[in-house]
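If you use the working numbering, the sequence shown corresponds to residues 262 to 387, in order.
For the record, the hints were derived by calculation from the structure and aren't laboratory data.
Yeah, the Cβ is synthetic: ideal placement off N, Cα and C, and Gly gets one too.
Do not rely on the hints blindly, as some may be mistaken.
Label pairs and their in silico Cβ distance ranges [what the hints assert, rightly or not]:
hint, residue 1, residue 2, range
1, 264, 348, 22 to 32 Å
2, 327, 298, 32 to 42 Å
3, 339, 374, 16 to 26 Å
Below are the SDA-like pairs computed for lysine to any residue, each with C-alpha atoms no more than 20 Å apart in a straight line [stated by the list, open to error]:
hint, residue 1, residue 2
4, 372, 297
5, 372, 269
6, 336, 325
7, 382, 365
8, 382, 366
9, 382, 371
10, 372, 264
11, 336, 324
12, 372, 270
13, 382, 363
14, 336, 352
15, 336, 320
16, 372, 265
17, 372, 382
18, 372, 273
19, 372, 275
20, 372, 266
21, 382, 370
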Amino acid sequence: MDMEFFPRHPVMRLVATAWLLASVVMLTITLLRPDISGNDRSALVYLTPLYWLSFPLGHVGVIAGIALRLELYLKFNFVPSILSEGLYLWIALTVLGYVQWFVLLPLVAQKCRQLSHFLSKRDPAR
262 MDMEFFPRHP
272 VMRLVATAWL
282 LASVVMLTIT
292 LLRPDISGND
302 RSALVYLTPL
312 YWLSFPLGHV
322 GVIAGIALRL
332 ELYLKFNFVP
342 SILSEGLYLW
352 IALTVLGYVQ
362 WFVLLPLVAQ
372 KCRQLSHFLS
382 KRDPAR
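Put together the whole structure using the sequences plus the hints.
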């Protein structure tokens, strides 16, 4: 089976499109907030729904971002701006969430169906 990045089924295609549209709307709202240019961390609160839409794999992206920010500060004494943190979070959450729900989950579901089909066709235990 080839990995597909956009669902074939019309309903799932509609859901994936709505998911991506919601992600773009959250980015737009975050970028239009005056808090983002003021380097105020409260501007990132508008990405919270995206975090929940991409959970649990999106949490890995958040943890990686925290580790990256810590390394930048400890090694280079550099603190990224809220804008760059917000863009990183949006990209990580969008990519990881989309891959989780629309690539990996269908792949795992198909493999489970194949295994179930294989097990149901086997000879009964002797």
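Verification of the hints:
1. Checking the proposed 22 to 32 Å range against residue 264 and residue 348 shows it holds: the Cβ atoms sit about 26 Å from each other.
2. At roughly 23 Å, the beta-carbon separation of residue 327 and residue 298 lies outside the given 32 to 42 Å, and the hint is violated.
3. A hinted range of 16 to 26 Å is violated for the C-beta pair residue 339 and residue 374, which are about 49 Å apart.
4. For a cut-off of 20 Å, the pair hint linking residue 372 to residue 297 is broken: about 43 Å separates their Cα positions.
5. Of the supplied pair hints, the one linking residue 372 and residue 269 holds, its CA atoms being roughly 17 Å apart against a limit of 20 Å.
6. About 16 Å separates the Cα atoms of residue 336 and residue 325, which keeps this hinted pair within 20 Å; it holds.
7. This hinted pair does not check out: residue 382 and residue 365 have alpha carbons roughly 26 Å apart, beyond 20 Å.
8. For a cut-off of 20 Å, the pair hint linking residue 382 to residue 366 is broken: about 24 Å separates their Cα positions.
9. For the given pair, residue 382 sits about 17 Å from residue 371 by alpha-carbon distance, which is consistent with the 20 Å threshold.
10. A distance of roughly 12 Å separates the Cα atoms of residue 372 and residue 264; the hinted pair therefore holds under the 20 Å criterion.
11. Among the hinted pairs, residue 336 with residue 324 is consistent with the structure: their alpha-carbon atoms are about 18 Å apart, no more than 20 Å.
12. Pair hint residue 372 plus residue 270 holds up; C-alpha atoms about 17 Å apart against a cutoff of 20 Å.
13. Proximity of residue 382 to residue 363 is assessed by CA-CA distance (about 29 Å); at most 20 Å being required, the pair is judged violated.
14. A distance of roughly 24 Å separates the Cα atoms of residue 336 and residue 352; the hinted pair therefore is violated under the 20 Å criterion.
15. Only pairs whose Cα atoms come within 20 Å are accepted, and residue 336 paired with residue 320 is rejected, the gap being roughly 24 Å.
16. In summary, the hint linking residue 372 to residue 265 is supported, as the alpha carbons are separated by about 14 Å, within the 20 Å threshold.
17. Between the alpha carbons of residue 372 and residue 382 the distance comes to roughly 15 Å, so the proposed pair stays at or under 20 Å and holds.
18. Simply put, residue 372 and residue 273 have alpha-carbon atoms about 18 Å apart, close enough for the 20 Å limit, and the pair holds.
19. Our distance criterion of 20 Å between C-alpha atoms is broken by residue 372 and residue 275, whose separation comes to about 23 Å.
20. A C-alpha spacing of about 17 Å is found between residue 372 and residue 266, which places the hinted pair at or below 20 Å, so the restraint holds.
21. For a cut-off of 20 Å, the pair hint linking residue 382 to residue 370 stands: about 18 Å separates their Cα positions.
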